[in-house]
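The sequence shown begins at 40 in this note's numbering and counts up one residue at a time.
Simulated from the structure, these hints should not be mistaken for lab results. These numbers were taken from a predicted model, which means no experiment stands behind them. All the given hints hold, so there is nothing to weed out.
Here are the simulated DSS-like pairs of lysine-lysine, each with C-alpha atoms no more than 25 Å apart in a straight line:
{"#": "1", "residue 1": "K90", "residue 2": "K134"}
{"#": "2", "residue 1": "K84", "residue 2": "K134"}
{"#": "3", "residue 1": "K190", "residue 2": "K90"}
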Amino acid sequence: ANTLAAGGFSVDNSCRFNDGDNAYMHKTPGGAGNQDVWTFSTWFKRSGLAKENALFVAGSDSSNATLIWFRNDDILEFSIYNSGTRNGRVQTSVKYRDVSAWYHLVVSYNSADGTAADRMKIYINGARVTDVATPTNPSSGQDSLVNHTSKHSVGSDGAIGFITGAGDFDGYMAETVLLDGTATTPTSFGEYDEDSPTIWKPIDVSGLTFGTNGFFLDFADAAD
Numbered sequence: 040a041n042t043l044a045a046g047g048f049s050v051d052n053s054c055r056f057n058d059g060d061n062a063y064m065h066k067t068p069g070g071a072g073n074q075d076v077w078t079f080s081t082w083f084k085r086s087g088l089a090k091e092n093a094l095f096v097a098g099s100d101s102s103n104a105t106l107i108w109f110r111n112d113d114i115l116e117f118s119i120y121n122s123g124t125r126n127g128r129v130q131t132s133v134k135y136r137d138v139s140a141w142y143h144l145v146v147s148y149n150s151a152d153g154t155a156a157d158r159m160k161i162y163i164n165g166a167r168v169t170d171v172a173t174p175t176n177p178s179s180g181q182d183s184l185v186n187h188t189s190k191h192s193v194g195s196d197g198a199i200g201f202i203t204g205a206g207d208f209d210g211y212m213a214e215t216v217l218l219d220g221t222a223t224t225p226t227s228f229g230e231y232d233e234d235s236p237t238i239w240k241p242i243d244v245s246g247l248t249f250g251t252n253g254f255f256l257d258f259a260d261a262a263d
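Based on the provided sequences and hints, a complete structural model is requested.
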């Protein structure tokens, strides 16, 4: 149920991240977008466990960063730090340790949401993760570092010094998306299989609105 299902939309490519190579993707935006409303989505398959590794990080240094990362206990964490203060955090109680499975992750941020507990959301395989440990809800209007003019890194913390050893991801990613200015749900990126309603599978995301600093990585071209 955690694999990319056959039939329907076909995902032709993925990118392998080997933590031993210290290889990752990064971009520093030339101008700021919407730091308060955004969505990150990726399909990932882990290869290395029990170590700190990042899926997506935006930040300038160890005191200012927004991170989507695995801790060394295999708990997934979404956190926001500004000037050394943790202004937001959601961490799952579930540990994601199945190295044979593809998972779909959606992280949604909307600091203007009237319900404080809904400002930071994590979804896995189409369902919101509600079993979270000691969340820190951001204040209304709290800026993240995503869509800021700081370095944005996929597959590492970008050597900004926040995660031990840069936190290089070890595994695969596919259909990786950042939406600048849109906080949305997993149905923008996937759907349940019509014949097997417990199987979550990808859909075509090329028509989404990516915004000023958003992106869509389909990994079709190694030079892109």
